[in-house]
Amino acid sequence: MLPLWVIFVIVLPFLGVFVYLIARGSAMQEHRMDDAKAMDAANKAYIRQAADAGASEADQLDKLASLHTSGKLTDDEYAAAKAKVIGS
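Per my numbering, residue 1 is the first one in the sequence shown, and the count goes up by one each step.
None of these hints come from the bench; they were simulated from the model. From the three backbone atoms N, C-alpha and C, an ideal C-beta is built for every residue, glycine too. Some hints could be false.
[What the hints assert, rightly or not] With a Cα cut of at most 27 Å, we get these calculated DSSO-like pairs of lysine-lysine:
hint : residue 1 : residue 2
1    : K44       : K82
2    : K82       : K72
3    : K84       : K44
4    : K84       : K72
5    : K44       : K63
6    : K63       : K82
7    : K84       : K63
[As the list claims (entries may be wrong)] Ranges of calculated distance between the beta carbons of each label pair, as one might list FRET restraints:
hint : residue 1 : residue 2 : range
8    : A79       : I22       : 55 to 63 Å
9    : R48       : S70       : 20 to 28 Å
10   : I10       : H31       : 58 to 66 Å
11   : D40       : V19       : 57 to 65 Å
12   : A83       : M33       : 36 to 44 Å
13   : S26       : K82       : 44 to 52 Å
14   : V19       : Y46       : 36 to 44 Å
15   : A80       : G16       : 52 to 60 Å
16   : E77       : I22       : 53 to 61 Å
The task is simple: from the sequences and hints, build the whole structure.
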């Protein structure tokens, strides 16, 4: 017959792990998905910032002017964006 301590040392921890996985398994998946979405958003923000950092202030103003003359930006939007570029 198996000693009683074997049950407590070997079997009981595995039972606890299985119960935990059954009870909290779906929550772990939700947390992992939230973390992946946050990491993806941070990665996209970093790429966007790195792409904008490569453009000089004059390049940004030129892009804004071309958008304004093509009618894609209103006068108010153009003024706000121009102030943001010059102020940065």
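For each hint given before, does the structure comply? Return the numbers of the non-compliant ones in rising order. 10, 11
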